[in-house]
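Here is how the chains run, residue by residue.
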Amino acid sequence: MRVVLAEDLFLLRDGLVRMLEAFDFEIAAAVETGPELAKALAELQPDVAVVDVRLPPSHTDEGLQCALAARRARPGLPVLVLSQHVEQLYARELLADGNGGVGYLLKDRVFDAEQFVDAVRRVAAGGTAMDPTVIQQLLSRRSANEPLGALTPREREVLELMAQGRSNAAIAAQLVVTERAIAKHTSNIFAKLGLPVSDDDNRRVLAVLAFLDQGR
Amino acid sequence: MKTSRVRESLLAGARGLYMTVISLVGSITLFVLSVVSIALIVIGIGVFTTPVVLTAVRKYATLHRLHAGEWADVRIPVPYRQDPARPARGPAGQVERCTRMLKDPATWRDLEWLLVNMTFGAILAILPPALILYMAYGWVLACGVWKPIYDAGGGEWFAFIHVTSQSTAFAAAALGSAFFALSLYVNPLLLRAHFQLSRTLLAPTATMRERELALRVDRLEETRHDAVDSSAAELRRIERDLHDGAQARLVAMGMDLGTIEAIVEKDPAKAKEMIAKARQNSGEALTELRDLVRGIHPPVLAERGLGDAVRALALRLPVATDVDVDVAGRAEAPVESAAYFAVSEILTNAVKYAQADRIWVDVHHADGMLRIAVTDNGRGGASIGSGSGLSGIERRLGTFDGILAVSSPVGGPTMVTMEIPCELS
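Chain order of the listed sequences is X and U. Numbering of the first sequence is given in the numbering used here, commencing with residue 2 and proceeding in unit increments. Numbering of the second sequence is given in the numbering used here, commencing with residue 249 and proceeding in unit increments.
Think of the hints as simulated: they come from the structure by calculation, not from any bench. Heads up, some of the hints might be wrong.
Claimed, not checked - Now the in silico label distances, taken between C-beta atoms and shown as ranges:
#: 1; chain 1: U; residue 1: I511; chain 2: X; residue 2: A43; range: 17 to 27 angstroms
#: 2; chain 1: X; residue 1: R181; chain 2: U; residue 2: V541; range: 26 to 36 angstroms
#: 3; chain 1: X; residue 1: H60; chain 2: U; residue 2: Q444; range: 21 to 31 angstroms
#: 4; chain 1: U; residue 1: G502; chain 2: X; residue 2: A184; range: 15 to 25 angstroms
#: 5; chain 1: X; residue 1: Q175; chain 2: U; residue 2: A614; range: 50 to 60 angstroms
#: 6; chain 1: X; residue 1: A43; chain 2: U; residue 2: R488; range: 19 to 29 angstroms
#: 7; chain 1: X; residue 1: Q175; chain 2: U; residue 2: R488; range: 31 to 41 angstroms
To be verified - Below, simulated BS3-like cross-link-like pairs (lysine-lysine); rule was C-alpha separation at most 30 angstroms, straight line:
#: 8; chain 1: U; residue 1: K514; chain 2: U; residue 2: K525
#: 9; chain 1: U; residue 1: K351; chain 2: U; residue 2: K307
#: 10; chain 1: X; residue 1: K108; chain 2: U; residue 2: K307
#: 11; chain 1: X; residue 1: K108; chain 2: U; residue 2: K518
#: 12; chain 1: X; residue 1: K40; chain 2: X; residue 2: K108
#: 13; chain 1: U; residue 1: K525; chain 2: X; residue 2: K108
Quick caveat, the model's predicted, so the values are computed rather than measured. No residue lacks a Cβ here, since even glycine has one placed at the ideal position from N, Cα and C.
Turn these sequences into a full structure, and let the hints steer you where they fit.
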């Protein structure tokens, strides 16, 4: 799988290259500025891009803007955005086109190599990988009288993991229950939230986020 | 050219007539009221009536300034001392307000002006309409009205002409017409003279301007002091947070790594446990650093500017918040930062104390002024008092010559508005 990597801090870029290579990714390019990233994404047609939000020369959200522009040029281009901080505003912008294949993670998540690589693979496959911080913010700002209040604590846990983009199998493994139990929870959640049941991983995350987005 | 001159003259006449009436009625009434009110200070009543009357005098003078600018292009600056940002309340506040107004030299010049305006001012103002109306009177006499007056024994004088016959009546009419012709040239000048006379007393004198500058210097010194104080406090907070937080965690991590190095071969299980702990420590150090950064200069603010930073802030609130931004460009970083933290604090207040379930934030920039309004539908009752968070915001905005206003009747809604002069880039 071919990866384009954009990160301006040399140590982190180097670390990411080595980590991804250790997990059998092919690094098509590892760049450090916005214009280089835009060029690499247009010319190299990677399977997935791993991009830092803040890049030179402007040191603002240049990485994010490049990623969004590349996805407009090539809809569905898988992009995993890394950041020192996560903002719902940016998460929404990434999810806005509804094409899937996006991820938005804190840079700390690279500490857990396997989970991080899992997230890259999920995004490359057209799924999503949302940072738990984003999901927690979304869940916590909902008041009790909304449909989310009707969820049991266990169902909320499942919803959180589901919103991060994890599959039923992964959720089952994390919560140490059977996959059947998770399937039951998810159908309960969909029923309580009034969402049509779908077995498409990507769709269900978008549906969950779309629901959480309501009432703004 | 000709018709416009006639129109101007007639207009000046009408305005002069209006100013005469206003000058006489307004000035006499207000002068009498002021004198009585100031005299009553001795028995206490005046303390309460004087500020009211003097405020009316100021409004009246300001109206006069307005007419002067609009009708005669005479600009009269306002000399009054600024009210303090946080006036005292209750009877003590009344006394203070009364004393403050009486100490203001502009007050006494206002009273002098009332005297001048009801005499010389009124005379100057009556001339333009008189020059016009006198012609009408002359022609009325010439049309035969002179006769009954003369027959009744009235020796009517039209200016310097003694009207005793039709011919002298015609002479009066001719003189009236001459006055009208004169009015074409002098009417606008007379009206202007009326306002210029006012300006000599209503405009600030050189010493008043100097004092105004001195006051401004005082205010700048005060806000600079506040700015230095708060940035020093901010640095101390950052230093303490780093010292107690991230730094301590990194030290602990280093120690753990040292221990791990020593025991990794003897006790791999224990080493693994400690590695997990070290990783957790590094994660927490990062979280603390992240919070610290957010407190100094929020990343979204740095990356996107005020508009999106406020939007991002709203997304994190537990209360539904509508954000409307109309700012084409970026303000200077210190202004953006001050505005952002002010909004942040006001929103926090709204969520914490106001029990609001809806908040509206409106951010826009026009005419070199950044205006932000935060409205909530909560229970109201917020005020800029000593010790409230709002006065802290007010002081910080003061560094940028910004101002803060709060409207929050008990029962709500609360509306907090800020204005900061700044240019966008």
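Each hint tested on the structure:
At roughly 52 angstroms, the beta carbons of I511 of chain U and A43 of chain X sit outside the given window of 17 to 27 angstroms. Between R181 of chain X and V541 of chain U the CB atoms are about 44 angstroms apart, so this pair departs from the stated range of 26 to 36 angstroms. A hinted range of 21 to 31 angstroms is violated for the C-beta pair H60 of chain X and Q444 of chain U, which are about 59 angstroms apart. At roughly 46 angstroms, the beta-carbon separation of G502 of chain U and A184 of chain X lies outside the given 15 to 25 angstroms, and the hint is violated.
For Q175 of chain X and A614 of chain U, the Cβ-Cβ distance of about 52 angstroms falls inside the hinted range of 50 to 60 angstroms, so the restraint holds. Remark: the range hint 19 to 29 angstroms for A43 of chain X to R488 of chain U is contradicted by a beta-carbon distance near 48 angstroms. Separation of Q175 of chain X from R488 of chain U is about 38 angstroms and conforms to the stated range, judged on CB atoms against 31 to 41 angstroms. As the CA atoms of K514 of chain U and K525 of chain U are separated by approximately 18 angstroms, the hinted pair is consistent with the 30 angstroms bound.
Between the alpha carbons of K351 of chain U and K307 of chain U the distance comes to roughly 18 angstroms, so the proposed pair stays at or under 30 angstroms and holds. The straight-line distance between the Cα atoms of K108 of chain X and K307 of chain U is roughly 62 angstroms, outside the 30 angstroms bound, and the hint therefore fails. The suggested pairing of K108 of chain X with K518 of chain U holds, with an alpha-carbon distance near 28 angstroms, which does not exceed 30 angstroms. As the CA atoms of K40 of chain X and K108 of chain X are separated by approximately 24 angstroms, the hinted pair is consistent with the 30 angstroms bound.
Taken as a hint, the K525 of chain U and K108 of chain X pair is honoured in the structure, with Cα atoms around 19 angstroms apart against an allowance of 30 angstroms.
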